[in-house]
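Undergrad: Listed below are the residues making up each chain.
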Amino acid sequence: MALADLAAYFTARDFPQQIIEVAKLFSVVAGTGWCSSWLGTGFPAAGTAPSGSSTVPTRTTTGALGQLDASAGELRAMCRTVTVSANTGGQAGLILMLIDRLVHKGGLDGTLNTAQTVSTAALTRYTDGVGVRAGIEIYSSIGATGTTATIDYTDSTGTASQTSPAIVVGGTGFNVTNRFLPISLGGTDGGKGIKAVNTVTLAASTATAGNFGITLYKPLMKIAVQSGGGLFAPNADPIGTRGFLMPVISTSACLQWLLFGAGTVTEQICGAFRFFED
Amino acid sequence: MTAFADLHEVVNRSTGGNNGNPQYVEWFKQSRVSGAAAATPIAGQRISLWEYEGAPSHGAAPAGSAVYPTNTTQGCLQQTDPGGGRQLWLQAALASASSGGTLKLYDRLAQFGGLSGTTTTAQTVNLNAITRYTNGSGNRIYVEINTQIGATGTTITASYTNQAGTSGQTTTAVTFGATNNREAQRLIELTLAAGDTGVQAVASVTVLATTGTAGAFSVIIAHPLETFGVPAIAVPDSKSYLDGYKEIVAGSCLAWWFLPTGTTAPIFDGDLFMVER
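Protein chains in written order, with the numbering used here: chain A, 1 to 278; chain B, 1 to 277.
Hints are computed from structural coordinates only; laboratory data are not their basis.
Hints should not be assumed to be uniformly reliable.
Now the stretches of chain B that chain A is said to cover, found in silico as 3 or more residues with beta-carbon under 8 Å [said to hold, decoys possible]:
{"no.": "1", "region": "23-34"}
{"no.": "2", "region": "90-100"}
{"no.": "3", "region": "143-150"}
{"no.": "4", "region": "174-181"}
{"no.": "5", "region": "191-204"}
Since this is a predicted model, take the numbers as computed values, not measurements.
Note that the Cβ used here is the ideal one computed from N, Cα and C, for glycine as well.
Looking at chain B on its own, in the form it has when it is part of the complex (with noise of 0.2 Å):
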């Protein structure tokens, strides 16, 4: 990895000299999951966009196998890969929502789904196979519910790989099933156990107890990139080389998730420029 050498280099990469191939991907999110209103976000409860209708698609909810999601899978935001040996780099972006919040660019790794909120024994998903940041540092456990799971409140774990190769670590239980831990495309991010800064593998989620309904949900492994705060309608917010550049590796399945901080059910909108080097 090499840095751009100034602002004489970055000028002239994003001008398409030296193979800079700039690139310029503009995306948006309707407030829609298969062809409805989208559920109603609650305050200060992730929501994935992954399901979200908009342009570039959609993604279909996880299948019950583990998949390794790619820069062409349906759903990502569908950006080219470098070529000649060169890096990806973002050199800047702007994100919206039609109502305050918190939205994160991350890179889907890994999604296993079909598993069931009724099901108290560990429910195997062996995502062990990821193929960037294998080191796992940075990595992070979700779970996304694709379809509206019990309204009994229980708690969930999983059992991981941390970013040493240590297995069998086990996340904090987190509060899973009950209203607002329950609905369709809520996003609940697993916490690490002490110490651990990274995940290499997912090998099964653990549901205490059943919430009542099967529904559906999946485990993610995602890789944060980028935040943007967007604190109200039409307010975006911008990034830059000048906040610092991400690389984003080749075959990176670029996605959203949204942090609310009202119930209103927003809409979505940004663009990201980037540069190879």
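If we strip away everything but chain A, and leave its shape as in the complex, we get (with noise of 0.2 Å):
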């Protein structure tokens, strides 16, 4: 399905089949790279880090956004007046990522320096890998010892046993609790995704076990938060900046934000999220 013309969009903005209220807050640190709202608190509520074997969360997972799947067509979202504020300090610009969480594990130890067991379990959203990436997500902050790792995985063809480049992880940066770490890609399709993780090897101890773990996840979009003084306000309708880029939400999709920002604080995304079907 599609949306026939520009009035169909108007209604489908203003008359969205669901609005969720978003307030999450969870913390956020300098340096280079991604943080996870998954354990923030507020609204939805805070996830949990995973345990055990790897599983496939859902949009009823406690930290998930929790939409309702379509009941006809396709679920598209769409994002207006998203706002992100910082308690502390002030920042130039934030990128939000709108993901779709497709498998997790934790329970990983930032001291071993063999690998690791991930074994994800089999996508149910995306199953040809396409698009798929796999983050490094940080439960409880590793040690201060910086060091890389790799993943041995199957790519997007189903070609197992694909080593990874190696990404920094550990140390100042790398290495406290929400930090997520995207996980470069080599493989044989050039890139285009993951089907299955098998294992993430350290090359060295961090110093700390902590607890680390590896999400599959799928990018939906992007969102540019610009400054607005103290409160950052975008203007993420559609019909601006980003092209009428509506994704299709996958049923039960596991949604959640991931942020990139400049400054160690606690951030605040707010926001009404509507999704309509088309």
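Using the hints, build the complex out of the two chains.
TA: Here it is in structure tokens:
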């Protein structure tokens, strides 16, 4: 299905099937990279660090945005007037990324320098792996000693035993709770995506076990958040700078936000996230 | 080439109507090359992000033969070509860097690597079979340093065929070698001869005097597509149809270069939203 015309767009925008008000607080660390809202408090409620075998979170998993599935046709997300407030300090801007959290595995150790089993559960959404990414998500701070990590994974063509390029993990800016580190790809598919992660290996101990995990996710859209003084107030209406980007939301999608900022602060994502069916 | 008729059509195709096949490509680049930290940027000196690791994956240093990369070449953004005789249009894009500068999205049309910083005779590349933007208009020539060359400064020129099909044109000599013009991933534009507005082919490059170290460098023919100003960390630049449509020609090898304003090794992040018409 598709929106027929501009009038249909305005109808979808102004009379969406669902509006979910979000007020999500979580700590963001300076450095160069993303932070995950998964453990953040507020609404939706805080998710928990996954334990045991990897699992497939869904829209009903605590921590997910919790939208309803489409009753018919396709469900699309639309973001307007999202704001991000920094409780302290000021930043020139931020980036928000809406993701579908596909598979997660926690309980990994920041001191082991041998391969740690991840064995991600089979994808139930975006099953071809195209566009699927993997990230290291830190649930409890690992050590202050910087090292690198690689994963052994299956690419989107189904070719197993691919080794990712090493990324920095541990050490200042790469070790504290909520840090989310996207993993570079190699692969026979040109890095188009991932179907599964077998293991993760740290090159050396970070000196503190902490708790980190591997998350498979599908980026759905990014939003530039510009400075408006102490409060960041973007114009995220798709009719503007995002060129009518209104991603299809898969059935049971586990939606959450990643945030790329420049300061070490507690951020609050506020806004009305709209969902419409077409 | 036909334009979108009106906003009604834009909305319709952007949501998948009428074979719009909306396509979302998310990308990022770490400041790492070949498993190690990338060379420190120099303010005002372009960096090629071709070998920067990330997703989709990094490219390899070009080999010593003429290659005409496509949308499936490792190192590009791996977008899917349009079908059914349709064209692919860049509807929106966002790009950011963790330090200030300018990001440029370009179509990498041709490459020839393995060239030496110590050879002072013409080094033949014969990049004469580009498959996109074949009339040459708007195409540019770059030298991409893949392995550090020597500490002795000299100049470099290329012999090329311009947009009018005139062969034997020579670029203006530009600085090559020595600090700031020798480090890996440095990207140096070779200025076209006065009056020329594009490039159909490159025959050879000539290093005027040895830089002292062979290293390895490549010659690239590229077609610039879009410019993103990224003033500071986490301050991205967003473009959309409001800024004008850009066609992503079938087979385009989409890649990035960065012109930094400082010396912080940045990471990069962004997305492309494309629609067929």
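Undergrad: Each hint should be assessed against the structure and marked as holding or not.
TA: Verification of the supplied hints:
Here's how the region 23-34 of chain B fares: 7 of its residues keep a CB closer than 8 Å to some CB of chain A, so the rule of at least three is met and the hint holds. Check result for the region 90-100 of chain B against chain A: holds, 5 residues qualifying (beta carbon to beta carbon below 8 Å, three or more required). For a cut-off of 8 Å, the count of residues in the region 143-150 of chain B with a CB near a CB of chain A stands at 0, and the three-residue condition is violated. Proximity of the region 174-181 of chain B to chain A, defined as three or more residues with a beta carbon under 8 Å from a beta carbon of that chain, is not established by the 0 residues found.
With 0 residues having a beta carbon nearer than 8 Å to a beta carbon of chain A, the region 191-204 of chain B misses the requirement of three or more and the stated coverage is violated.
In the structure shown, a violation is registered for the earlier hints numbered 3, 4 and 5, in ascending order.
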